[in-house]
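Student: Here are the chains, one letter per residue:
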Amino acid sequence: MDLKTLTFIVVGATFALYIGIAFWARASSTGEFYVAGKGIHPVANGMATAADWMSAASFISMAGLIAFLGYDASVYLMGWTGGYVLLALLLAPYLRKFGKFTVPEFIGDRYYSRAARLVAVVCLITASITYVIGQMKGVGVAFGRFLEVPFEIGVMVGMGIVFIYAVLGGMKGITYTQIAQYCVLIFAYTVPAIFIALNLTGNPIPQIGLGSSMADGSGVSLLDKLDMIVTDLGFAAYTAQKGTSLNIFLLTLSLMIGTAGLPHVIVRFFTVPKVADARVSAGWALVFIAILYTTAPAVGAMARLNLMNTIQTGEVGAVDGNLVYEERPDWFRNWETTGLLKFEDKNGDGRIQYYNDKDVAFAARAEGFGWKGNEMVKVDRDIMVLANPEIAKLPNWVIALVAAGGLAAALSTAAGLLLAISSAVSHDLLKGMIVPNISEKKELLASRIAMAGAILLAGYLGMNPPGFAAQVVALAFGLAASSIFPALMMGIFNKKMNRDGAIAGMLTGLISTLVYIFWFKGWFFVPGTEMSANSPDNWFMGISPESFGAVGALLNFAVAIVVSKVTAPPPEDIQHLVEDIRVPKGAAAAVDH
Amino acid sequence: MLQRRRHGRRCHKLAKACAQPVLSNYLDACASLDIGNMENTPLISVDLELTGMDKGHNEIISMGWTLIDRGRIQLGSNRYMLINAERSVGSSAVIHELLDSEVAQGRSLETGLEELFDAARGRVWVFHHAGLDISFLRKACESWAGLIPGFIVLDTMRIEYRMRRRREMPIRQGDLQLGQIRNSYGLPRYTAHNALIDALATAELMLAIASRLEPDGILELNSHLKFF
Amino acid sequence: MQDVSLASEFLHTVPPFNSLEWDELRTLASKLEAVYYPRGKSIFSSSSGAGLAVIRKGAVRLVDAESRFLDKRSEGGLFGHGIYFHGELKDYGAEAEEDCLIWHLAEAEFAKLRERNPLLSEYFSSHLKTRLSAAAQVQHSFTQMRDLQRRQPVTIDCNASIREAAKLMSDKNVSSVLVMRGPDLVGIVTDKDLRVRVLAADLESDTAIERVMTKEPTTLSADAGADAALLLMMRENYHHLPIVEGGKPLGLVTAGDILRSQSEHPLRLVRDIHKKKSVDELVVMSRRLPSLFERMVTLGRDVEQIGRMVTHITDAFTVRLLQFAEIEHGRPPMPYAWIAFGSQAREEQTARSDQDNGIILERKASDEEAEYFSKLAQFVCTGLDRLGYVYCPGEVMARNARWRVSLARWKRHFDNWIDEPDPKSVMHSSIFFDMRCVHGEAHLVEELLEYATTRARENRIFRRFMAANVLHHRPPLGFFRRFVQEDDGSHSEGLNLKHRGIVPITDLVRMRALEAGITEPNTFRRIELAVKAGMMNENDASSLRDALILINRIRLGYQAEQMSAGQDPGNFVPADELSPLMRRNLKAAFMLVVEAQNALALRYQVH
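Residue numbers (our numbering), protein chains in the order written: chain A, 1 to 593; chain B, 1 to 228; chain C, 1 to 607.
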């Protein structure tokens, strides 16, 4: 059976599974009135949470980033994991005690201010849409490859499917569907990794394989071998650190605190009735997330190794050391149709030269080989996870499974986010602030329109230059980190924090971060309006615009505390409320019966 | 047909002799009445409430009627009136639920008859069990106008009786009471006993019988008439 | 009986004519023509120009041009006017399915009638939603206060002295007097006021009467119906109330006056219950309930009032049983409140109801006191069971020690449910948030309700759990909006109108009530209050109200039918026993519920 048919079958089967579970859950939910349904086991809920958390970014992009950026990309790993921990430990339990399940709601009530709420809504919608962009891109890559169409068409197909999936809604949010999605996703991620690890190192566990020596009998460890190959071609060593420590630290921090507060995951913490159970399932979720996250570096490294080995078949500089273009493998051809992989025979020798022509020293050497520049003019990072099993020549069913996994990751996250976005627009913005007396029918209509709008926007940004999308990512995470996170923390841990302080702080964080980003990337990203070139030499203390969110957050804290000291304290009842939140409430209630 | 012509001549003669203009007009119309079918012959369905069965001693205490045009009962034409009785209502009050005092509030028999015959001009009478009511009307007319007018009548009881005989259906005691027959036609049950309700009930029954005898309801009337 | 009254009396029982004034009815009746159609005969082949037809007797089939069946109408049914079939206005023919007596109104007269009565016009020019609304609204013109025999009001000017008022009252031999300023009613003074506010307060008898009167007394509007008036009087315990039209008093009525105007009013039972001396006597009395219910439904009383009246009777039984219990076991050792939950609290009981009740004690009970209340609860719950209010399968009853606790403990019950809303807690809250004091210290109930409602309003996470629970009860519509029938547990299939029709609506409205912090349990009043609080859009509110009325009417009608056939009333109505029109209306009602549920899902991001 050819790969395309098999992919259709596997993807179709997983979809049928999700829909089947949704129907079964619906049909069996109306029981006798006095028979309460059973709760969901924390382990199951942990899996469902993990499925929500892990997006196309985790499934598709992270390993790709690691494959090309090397160790530096681990900040994404650390940032997102840290963000989850922050969410689980610092935020969710307190929001729960406050009885609010969205951040804008908390901020609006805690700071008794609609303006504060509005700022929070806008920041979160922006951050969420950015997140959806990543999902759209992932879906586009997957569909482009398996339908063998250009990437743009893949994105459009994906947009349609995501819209249907999110509007039907029924398949989303049912815990058992989520669990099924997690199973498909983790299976699809780890199985190829195991095969490849076994191939390369003889060790089936990818995490261990990464640190083992090659199975070719050379005794060289996998990472040393990879370092060797990439430096031979003028790329930076895989394990090298490329930015300043401060910048890496701040980027990690920005990602962490910028992620905290993403609406679709917070909600998951509130679907478990008992606080203790919520804690346990958060722990399990971390375990389930860790299975994928710890596999990612191995997948990245091995994919890079396999890719390099495929192209650089022999000695660097030898006449027959490079792959003949006409002999390229099928996966190479297939990815070329998507436009995500491009070859240009610059020196006309019919062979592929893939090297770093930006490295001055190596470029000079390459000239000596008769190379006229890097001929792999485009290698999209996001194709790595999907192409990996093909590069490693794994059986077709494994490749089909990965496609299903990628779609599961993208769909579950996108649907969750889109529901949150549509609810924020129709309920928080429209009904809450603009037209309080709107009818339910119009509210529903508005939510559909918001959802379609968000998909169109995210799809458009996903198709257009990723540079642009990356800037929006930076902006969104930076804004969330610098405006929302400090307001949340102070709202929970500082009972004296008042409305004026919080608003002043949020505005400070917001504006300083915006200005810093625009300074280097152009006002409102209009090219040519940059105040200075976007290079590490010009950055303030070597801090990149993407990392500045953490600095903005610090400014936010400082300004908020100063302003709150000189303005009227918050009302008594709010102060009591904040105190109550941090005192365990169940303690007193449990005694008497 | 012969009977019809003789009846016409009698009415014509009486009309000339009659001093009461309303009755005279009625008789005139009766003499030249053009009788066809249900659709083109106007009818008047009438019922009288009496203090008893004996026309010598008993009296009319109320009258009710309704008109049927083009085979349709005109509910707007419903009329009901109480008649001043000279003697006490007596025991029949139990049936009619009319007390002496109420009867006394009614109009005189003369004005009642005047209105009735005015309404009946140019129409065929419909009664259920015509004999009793006609005998009281004849007696009343005699003392009112000094003559006994003619009546062209459709008697629902008689028509139903003849139909059942023709179809060889058994007829038991009480089967031909108004309520019983109506029941067999699926007509609504009226609980009250009142001249108007009975007149209306008779009118409805007439319509029902007509459509039973003639599926399209446009019954030729001539063979069902009775002349008084 | 005069002339056309026979026809107008019948029309008076037929919607929408029952909302017409008598004069208009008589005019209408005088234009009618009665025609008899034997079975199978065509009445007309095209509805255009057919005027309006009322089925006096029999049944009629409405068919399309190809003689395909569209709908069936029976006694009291109307046809001839424009009718929407499957949402589409089409021409149709009519033929007698049984022997029929039909009253025709000519097209021209029909047009004139509609012109004179915009309400009728709206009824006949129905679209899906407006028809639903009209169908939900007809059937409630019973005796109005205006039509009642009234007592002449005894009035006095507000500047008169107390002495003058007292003299007037004793001269006229009345127990109350209306206080007027000019032509307007400004207050009322009763015997009791003179005792309490004058004699006991040692007031001079030449003080102006204005100072002791009850200002802005409760009044009845002249167009109030008898049921509404009676319920108000019984709830507030008024003996008599002034009837007011445009601010001017027309007279006084007593509950007795109203009851006398109704040959056998269900609320008479309430009075009788209080005269009974033993549980056995009550049991005998309770046997009248089924036939009473059946009559209320067949007489076409509106469902809101049926619910209230049935509940009033339950309340009366409960209170009487509590009085017996207090006689048998002695005075209660501390103040307490007997509370009703669920449908009794909401005043939405129907033919057959379980009992859901509990007790709030003023403080923690000692062992001895606990023993007393245990006996009291046992007595009342057993009594109610004997009266036909069977034990609650979930044991939500005062005889269960868990639901017989102090106010503080009750608050902690709610705290636990709200803080840790596991499925059982959520289920409990949906019962317990509908709470009403039936007997005893109402302030205990008010305090608890205030507390619980405030906590629920502040905690959106808890409400989200409730929302998820609400969405478990979906209307019985499947793909392409087809009805989904379920097995009723015995043999036949039907639409579960309670669990998939009524429960979703009361649940949705409860959510709104909690969002707005409304403590009122009755669904209709909750809707009203939620609109007032700006929590609900008027259109959404009227949609839900209409849907509730419609579904309930079908359900109650079916229950009444079952009871008259000697069966136990159930909540499963087989779809094929509904007329096509009813099915369409029902579907429209279900669609409204689905829409409201979708909006709820969006609001709380649950699916």
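Since the hints were derived computationally from the structure, they do not count as laboratory data. Worth double-checking, as some hints may not be accurate.
Computed beta-carbon distance windows for the label pairs [said to hold, decoys possible]:
no., chain 1, residue 1, chain 2, residue 2, range
1, C, Lys375, A, Val85, 53 to 63 Å
2, C, Asp91, A, Asp2, 28 to 38 Å
3, A, Phe23, C, Glu395, 27 to 37 Å
4, A, Val85, C, Glu395, 40 to 50 Å
5, A, Ile434, C, Arg525, 50 to 60 Å
6, A, Ala115, C, Gln323, 57 to 67 Å
Note that beta-carbon positions come from the ideal geometry of N, C-alpha and C, so glycine has one too.
Student: Take the hints in turn and mark each one as holding or not.
Tutor: Okay, the hints, checked on the actual structure:
1. Distance hint for C/Lys375 and A/Val85: a CB-CB separation of about 56 Å, consistent with the stated range 53 to 63 Å.
2. A beta carbon spacing of about 59 Å between C/Asp91 and A/Asp2 contradicts the range 28 to 38 Å that was offered as a hint.
3. Hint check: A/Phe23 to C/Glu395, Cβ distance near 34 Å, so the stated range 27 to 37 Å holds.
4. The hinted window of 40 to 50 Å between A/Val85 and C/Glu395 holds, with their beta carbons roughly 44 Å apart.
5. A hinted range of 50 to 60 Å for the beta carbons of A/Ile434 and C/Arg525 is inconsistent with their spacing of about 29 Å.
6. Checked against the given bound of 57 to 67 Å, the beta carbons of A/Ala115 and C/Gln323, roughly 58 Å apart, stay inside it.
Going through the hint list in order, the structure does not satisfy hints 2 and 5.
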